[in-house]
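J.: Construct the entire structure; sequences and hints are all you get.
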Amino acid sequence: MSDKQDTPTPADTAAEATAATEGAANAAAQPTDAERIAALEAELSQMRDKWLRAEADNANLRARAKREAEDARLYAVQKFARDVVETAENLRRGLDSLPPAAEDEAELLAKLRGGFEGVERGFVTMLERHGVQKLDAKGQPFDPEFHQAMAEQPAPEGVEPGTVIQAWTPAWTLHGRLLKPAMVVVAGK
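The sequence shown: position 52 = 97 (the working numbering), numbered continuously.
These are computed hints drawn from the structure, not numbers from a lab. Some hints could be false.
[Said to hold, decoys possible] Calculated lysine to aspartate or glutamate pairs in the EDC-like style (CA-CA distance at most 16 Å, straight line):
1) LYS179 - ASP128
2) LYS225 - ASP188
3) LYS234 - GLU205
4) LYS183 - GLU205
5) LYS225 - ASP128
6) LYS179 - GLU190
7) LYS234 - GLU202
8) LYS179 - GLU134
9) LYS179 - GLU131
10) LYS225 - GLU134
11) LYS179 - GLU165
12) LYS225 - GLU190
13) LYS183 - GLU197
14) LYS234 - GLU197
15) LYS225 - GLU131
16) LYS225 - GLU173
17) LYS225 - ASP181
[Said to hold, decoys possible] Derived Cβ-Cβ restraints for the label pairs, each shown as a range:
18) ASP116 - ASP78: 50 to 58 Å
19) ARG98 - GLY207: 43 to 51 Å
20) ARG222 - ALA84: 51 to 59 Å
21) GLU190 - ASP94: 40 to 48 Å
22) PRO199 - ASN135: 27 to 35 Å
23) ALA104 - THR132: 40 to 48 Å
24) ARG107 - GLN211: 46 to 54 Å
25) ASP116 - LEU85: 42 to 50 Å
26) GLU131 - ALA104: 36 to 44 Å
27) GLN91 - GLU173: 50 to 58 Å
28) GLU173 - TRP96: 42 to 50 Å
29) GLU131 - ASP94: 49 to 57 Å
30) GLY207 - ALA114: 37 to 45 Å
Each residue gets a CB set at the ideal place from its N, CA and C atoms; glycine is no exception.
T.: Shown next as structure tokens:
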């Protein structure tokens, strides 16, 4: 062996210095195990937060879809129910147009009145079975959600102002939702 091989050249010394510097830089650039664990835990926390938010969004979406389907089921017949309510009111108007019951009235008229009253009771009962409710307004405080004021009259003695003193038609609801407001006369001040 020769002496030449044991003596480093300036190029060899520079290469070793560069390699040492790169090694130190790579060692400094590579995170330690603790840093990697902390970074992974932070990423896990972010992913968990995103997952929980997505689950909450899905739960809200399911609840909203269920509520909308239930509303559609309950209120799909709203227009039909409004028309049927008109028929019930017309039946009542027909009964109200009959002369008052008297002892000397014809038997036929008494039977007709009784028959129509029975039909009305059965009709209103059938509507109630299907969620259509009749709300009588007379004597109630005026409620703009259920009453439509058609006129205002001076309050009779003993009647609080703002009270319904006469109802031309009742209010009708479908499962609690207003179908048709009551047409009312309200006691003024």
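J.: Compare the structure with each hint and give your call.
T.: Each hint tested on the structure:
no.: 1; hint: LYS179 - ASP128; in the structure: 14 Å, holds
no.: 2; hint: LYS225 - ASP188; in the structure: 13 Å, holds
no.: 3; hint: LYS234 - GLU205; in the structure: 8 Å, holds
no.: 4; hint: LYS183 - GLU205; in the structure: 13 Å, holds
no.: 5; hint: LYS225 - ASP128; in the structure: 10 Å, holds
no.: 6; hint: LYS179 - GLU190; in the structure: 14 Å, holds
no.: 7; hint: LYS234 - GLU202; in the structure: 11 Å, holds
no.: 8; hint: LYS179 - GLU134; in the structure: 10 Å, holds
no.: 9; hint: LYS179 - GLU131; in the structure: 12 Å, holds
no.: 10; hint: LYS225 - GLU134; in the structure: 11 Å, holds
no.: 11; hint: LYS179 - GLU165; in the structure: 12 Å, holds
no.: 12; hint: LYS225 - GLU190; in the structure: 10 Å, holds
no.: 13; hint: LYS183 - GLU197; in the structure: 14 Å, holds
no.: 14; hint: LYS234 - GLU197; in the structure: 9 Å, holds
no.: 15; hint: LYS225 - GLU131; in the structure: 9 Å, holds
no.: 16; hint: LYS225 - GLU173; in the structure: 15 Å, holds
no.: 17; hint: LYS225 - ASP181; in the structure: 12 Å, holds
no.: 18; hint: ASP116 - ASP78: 50 to 58 Å; in the structure: 56 Å, holds
no.: 19; hint: ARG98 - GLY207: 43 to 51 Å; in the structure: 49 Å, holds
no.: 20; hint: ARG222 - ALA84: 51 to 59 Å; in the structure: 55 Å, holds
no.: 21; hint: GLU190 - ASP94: 40 to 48 Å; in the structure: 43 Å, holds
no.: 22; hint: PRO199 - ASN135: 27 to 35 Å; in the structure: 31 Å, holds
no.: 23; hint: ALA104 - THR132: 40 to 48 Å; in the structure: 43 Å, holds
no.: 24; hint: ARG107 - GLN211: 46 to 54 Å; in the structure: 48 Å, holds
no.: 25; hint: ASP116 - LEU85: 42 to 50 Å; in the structure: 46 Å, holds
no.: 26; hint: GLU131 - ALA104: 36 to 44 Å; in the structure: 42 Å, holds
no.: 27; hint: GLN91 - GLU173: 50 to 58 Å; in the structure: 56 Å, holds
no.: 28; hint: GLU173 - TRP96: 42 to 50 Å; in the structure: 48 Å, holds
no.: 29; hint: GLU131 - ASP94: 49 to 57 Å; in the structure: 56 Å, holds
no.: 30; hint: GLY207 - ALA114: 37 to 45 Å; in the structure: 40 Å, holds
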